[in-house]
Amino acid sequence: MVRILRMCALACGVALACAGSAGAQFVPSEQSLSGVYPGKAYSPYAQRGFPSQLLWGDTHLHTGLSMDAGLFGARLGLDDAYRFARGEEVIASSGQPAKLGRPLDWLVITDHSDGMGFFTDLAQGKPSILKFDQGRRWYEGLQAGGQASVDAALDLIGTFSQGEMNPDMIAEYSPGGKTYKTIWDRVVDAAERYNEPGHFTALIGFEWTSLDKGNNLHRNVIFRDGAAKAGQVVPYTTQAPVGSTDPLDLYAWLENYEQKTGGAALALAHNGNLSNGVMFPVDSQFTGRPLDAAYVEQRAKWEPLYEATQIKGDGEAHPLLSPDDAFAEYETWDIGNLDLSAAKTPQMLQYEYARAALKNGLVLEQRLGTNPYKFGMVGSTDSHTALATAEEDNFFGKATNAEPKPERMQHPFATSEFGAIEGYQLVSSGYAAVWAQENTRASIWDAMARKEVYATTGPRIMVRFFGGWAYTDADLNSRQPAFRGYEKGVPMGGDLPARHDDAAPTFMVYALRDAIGANLDRIQIVKGWLSDDGETHERVYDVAWSDARTPDRDGVLPPVGNTVDIANATWTNTIGASELATVWTDPDFDPAQPAFYYARVLEIPTPRWVVYDAFRFGVDIPEASETVGQERAYTSPIWYSPE
Amino acid sequence: MQFLVVGGALFAAWALFGPAADTPGDLPLAAAPGEVIVIDAAVIASLEEGYAAVWRRPPTPAERQGLIDEHLAQEVLYREAQKLGLDRDDVVIRRRLQQKMEFLLQDSLSLAPPTQQELQAFFDANQARYRAADRISFQQIYLGDTQRPADTPRWQALAARLNEADPPDPQTLGQGSLLPPAMRLATPAEIARSFGNGFAEQLIEAPSGRWWGPVQSGFGWHLVRVDRLQRPADPEFAAVRGAVERDYAYQREGEAASALIARLKAQYQIVIDGADATDATGDADGAPP
Numbered sequence: 001m002v003r004i005l006r007m008c009a010l011a012c013g014v015a016l017a018c019a020g021s022a023g024a025q026f027v028p029s030e031q032s033l034s035g036v037y038p039g040k041a042y043s044p045y046a047q048r049g050f051p052s053q054l055l056w057g058d059t060h061l062h063t064g065l066s067m068d069a070g071l072f073g074a075r076l077g078l079d080d081a082y083r084f085a086r087g088e089e090v091i092a093s094s095g096q097p098a099k100l101g102r103p104l105d106w107l108v109i110t111d112h113s114d115g116m117g118f119f120t121d122l123a124q125g126k127p128s129i130l131k132f133d134q135g136r137r138w139y140e141g142l143q144a145g146g147q148a149s150v151d152a153a154l155d156l157i158g159t160f161s162q163g164e165m166n167p168d169m170i171a172e173y174s175p176g177g178k179t180y181k182t183i184w185d186r187v188v189d190a191a192e193r194y195n196e197p198g199h200f201t202a203l204i205g206f207e208w209t210s211l212d213k214g215n216n217l218h219r220n221v222i223f224r225d226g227a228a229k230a231g232q233v234v235p236y237t238t239q240a241p242v243g244s245t246d247p248l249d250l251y252a253w254l255e256n257y258e259q260k261t262g263g264a265a266l267a268l269a270h271n272g273n274l275s276n277g278v279m280f281p282v283d284s285q286f287t288g289r290p291l292d293a294a295y296v297e298q299r300a301k302w303e304p305l306y307e308a309t310q311i312k313g314d315g316e317a318h319p320l321l322s323p324d325d326a327f328a329e330y331e332t333w334d335i336g337n338l339d340l341s342a343a344k345t346p347q348m349l350q351y352e353y354a355r356a357a358l359k360n361g362l363v364l365e366q367r368l369g370t371n372p373y374k375f376g377m378v379g380s381t382d383s384h385t386a387l388a389t390a391e392e393d394n395f396f397g398k399a400t401n402a403e404p405k406p407e408r409m410q411h412p413f414a415t416s417e418f419g420a421i422e423g424y425q426l427v428s429s430g431y432a433a434v435w436a437q438e439n440t441r442a443s444i445w446d447a448m449a450r451k452e453v454y455a456t457t458g459p460r461i462m463v464r465f466f467g468g469w470a471y472t473d474a475d476l477n478s479r480q481p482a483f484r485g486y487e488k489g490v491p492m493g494g495d496l497p498a499r500h501d502d503a504a505p506t507f508m509v510y511a512l513r514d515a516i517g518a519n520l521d522r523i524q525i526v527k528g529w530l531s532d533d534g535e536t537h538e539r540v541y542d543v544a545w546s547d548a549r550t551p552d553r554d555g556v557l558p559p560v561g562n563t564v565d566i567a568n569a570t571w572t573n574t575i576g577a578s579e580l581a582t583v584w585t586d587p588d589f590d591p592a593q594p595a596f597y598y599a600r601v602l603e604i605p606t607p608r609w610v611v612y613d614a615f616r617f618g619v620d621i622p623e624a625s626e627t628v629g630q631e632r633a634y635t636s637p638i639w640y641s642p643e
Numbered sequence: 001m002q003f004l005v006v007g008g009a010l011f012a013a014w015a016l017f018g019p020a021a022d023t024p025g026d027l028p029l030a031a032a033p034g035e036v037i038v039i040d041a042a043v044i045a046s047l048e049e050g051y052a053a054v055w056r057r058p059p060t061p062a063e064r065q066g067l068i069d070e071h072l073a074q075e076v077l078y079r080e081a082q083k084l085g086l087d088r089d090d091v092v093i094r095r096r097l098q099q100k101m102e103f104l105l106q107d108s109l110s111l112a113p114p115t116q117q118e119l120q121a122f123f124d125a126n127q128a129r130y131r132a133a134d135r136i137s138f139q140q141i142y143l144g145d146t147q148r149p150a151d152t153p154r155w156q157a158l159a160a161r162l163n164e165a166d167p168p169d170p171q172t173l174g175q176g177s178l179l180p181p182a183m184r185l186a187t188p189a190e191i192a193r194s195f196g197n198g199f200a201e202q203l204i205e206a207p208s209g210r211w212w213g214p215v216q217s218g219f220g221w222h223l224v225r226v227d228r229l230q231r232p233a234d235p236e237f238a239a240v241r242g243a244v245e246r247d248y249a250y251q252r253e254g255e256a257a258s259a260l261i262a263r264l265k266a267q268y269q270i271v272i273d274g275a276d277a278t279d280a281t282g283d284a285d286g287a288p289p
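Chains as they are written, first to last, in this note's numbering: chain Y, 1 to 643; chain R, 1 to 289.
For reference, chain R alone in the conformation it holds in the complex:
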């Protein structure tokens, strides 16, 4: 019913402010002769179905007529709105239609589960993601924060002393600190939790089995000794299948949305700012919808 009110207001406004009509009261927009509105058995059946879904019973004859009347009213207003170009310029309608398309797309994607080949191909292309984390065992001595300048020669000499036979106890050197003096088989994520980003990467580059440095963390300077570096083997598909399925589904949803947009765009010649921007290959070049 709200459509009728809105439609009426629009016509009134158009009559007042639109181009002058030949005779007063003559609407400038009229159906072209021969334009037909068909409400056939299929349409009526779908109206009745929608009604029954809400009210849990079929409509009475009076209600049925009411449904048809309302549908008719909506149809004529809809056609007039299209002729007026309301759907092209109204942000609300554009967004509503876009959202409807997005929902339709989501529905259709949930129908087809991925095949073994698709999963295997995805896994092969993204193996690095499924590799288990590196694990590093190391000791560290905290030398001080970066506010004070680095004393590299002295620290390197200290490292050399520690590498000789009968070295001093590492924990008696450097500054006292709450940072862990050693970590065993820790992943880069665990190391970053304590020492900040970038520290684990430096440990991986450091020579193994001897004291070395200075190395910088979020807290300042350190001497480090990497005792063990475990780089994991390539992952096996069967072991990570669950994660692969999950990631594949997530990516496919995004890709399908982009692909749809690209296919739709390919139907048009696109001109942006006077220059032809038609993408002849039809590749997806826009952001996800």
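One chain only, chain Y, in its complex shape:
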């Protein structure tokens, strides 16, 4: 594409040069020009500018520097987190050896900016912290170990969520404090030491831990830059007066960062399922400020991605919002907010889940001119153990108190008057896949910014998703379908090219199972659209599936089956397919209706982590626990706008 543009530019240049100076310019002969513009390269591998590397990582990991992680028992730091992600064996905080099945290609360590490093000093009993009742109480809980430490951690989280941290106590661990700068320098330095272009990328980041009365509005900030630029600032916090819980203030901080340093950064919202309805506002923010053009523009600018799945539940779809989607009920957490200080009501759901937000984004685009919820999707762990585990047979839990041990399924994760989130409900999920040109900071960050990324709940399923007006089966059967994909349309995260005729959009989608994982059940395409009456709609289409099944009279595809042997914690790939591919045309396309499309790829059923625990420890799985699930991938959407 670039070549063709260059050709045109040169040709125009020559023509203009000829026209401009009234005959004084010499005109090259045709023969002399032959061979100067070789056109498209013969070799398909040369001149190839599109991303061909699939790189796996985690956008959301905590070490002992995060105050809640430390209180839950995490003793591992930045070095251990990087080493583990790169495939080395480390000793987990609970004392047992841990190692990933396969290394990750990149990692973003995102410790909480509020009170970063506070925990280490709290653990050492620094007098500047102990002189406050809060500090002393937590210190003593911490020292007691075991359940008392966990209770102290929950108390600290609750205090923080409700905005009741003593400001004088954490002044040294806030922007302006010398200790704070030192800690941030350590974070940046560790990223520099473990960043090896071409081999492993360490992106610099932090978590801006916005909470409104316990409602989770966290954002992970990811820098494109290295120490030279990221080291010029300290992370933005949420405790007033220095920080703020309002995302608009975070956007202002990001703007300032880019102007001051010439660098680039983006914000990635935490799974909204614990926000109790405030993650994706439609009328006004939780601050009371009504949505306006400024808000939607800023949000669209700074938040190109969204965390659709993680340890604390899956956030793609909810069964109440999508009653016709047989697979919407999956690792759903819908009891309340982050500290369970408030129960969840059904009205909140559409402002929390990815698919609903994508739909509401179309509404806001019509109303205010910009779609604020035009995000790509990633999965991440949000692990607080410094270990980025999302493999079912290698799950080290949300925090150190849930690292492998016989009774970890029995402890509730959180309880309050509104109910409980049980230990067995923790999800061994997820990872982010990035289509990039090379394993470097710039290449990975740029892929995130253009949304050519997708989420999985842990398995490394390869997915390609392209949208255009003229894909055919011949494209799919060509030797390198991706070439055709980029030539004739856009990849995931993009906008459909302008429509020139009466065609309906075509999508080329193909998926390859995880090389050491389970077969695939089916590929679906999820469509959401806005009709003329201002209502949003959705529909899930099965577009490719295994084992030559046929949909029944109602168009429902029979389930793929289940080979899971719970007693022995295994399954077999005797059902499903190792790869699925298709070109699909939207049969219900209406050119007047804005729409988005994304692919969801489902594996055959496999055991959840509780089954491996039961097998290895010889304990029973709690009655109420799910034991089997179909892991999945969600691609970033492709959007259609009427002219």
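Worth double-checking, as some hints may not be accurate.
[Unchecked claim] If we take Cβ atoms under 8 Å as the criterion, some of the chain Y residues that face chain R in the derived model are:
#: 1; residue: G77
#: 2; residue: D79
#: 3; residue: L100
#: 4; residue: P103
#: 5; residue: V233
#: 6; residue: Y510
Quick caveat, the hints were computed from the structure, so don't treat them as lab data. Every residue gets a Cβ at the ideal spot worked out from N, C-alpha and C, and that includes glycine.
Position chain R relative to chain Y; hints supplied.
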């Protein structure tokens, strides 16, 4: 102040349930005659320093007296606690002391940066770690998954045909697949990403420049042709110095912790379960603290 309350409760409990005293109200534990508690100028100075660090000013005379009183109270309770053996059996105290030692150890390690000789020695001992990855260029034909039995004679015949003059186009053979038909100068890690673990190792063993197989991947059977195998040269210290420094520091921290434990253990005769387990050489044989 909490110490006083706890101490009082302990004494009360001991008085009720401890061995009978000669006279009522007589505490069975009393300071041995002549046992002295000294609070000298050095101790007072450190108390004042600690106070000033928190309050940003020296204490007033009244506050100073309060500091001394509190320190005295803590000292007597501490001594009584030691006599009662509270520090030996209390898990909380044991862990608190262990943690304090660990922090002290971390502090002392950050003082001395490594010398050039130490880094060079570490590098020499761990050269394999710093060698750049192998790079392999290869083509592959996917034959089918491992659910069906291997048809080795037929596949080997296919390979032979491909190795003759005027071979058929490899991409027209085998099963269609999304797996890449070829990779150029890929590292074993990149190959494992697509084909699963173990495939790259088989490629390294395969003969070069001709079709060969069947070879097994996470997806099933393949014929492969390795066109180029690049095994990197030994690494140069200067090129990987940053990584060496980083790894050396990480290892030294772990080693220092183990060595300290070993040195401390060597001071004792250790008896486990009735058998003498004293390690005479004092080598570190336990897990990291």
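Hint-by-hint comparison with the structure:
no., hint, verdict
1, G77, "violated, 10 Å"
2, D79, "holds, 6 Å"
3, L100, "violated, 12 Å"
4, P103, "holds, 7 Å"
5, V233, "violated, 24 Å"
6, Y510, "holds, 6 Å"
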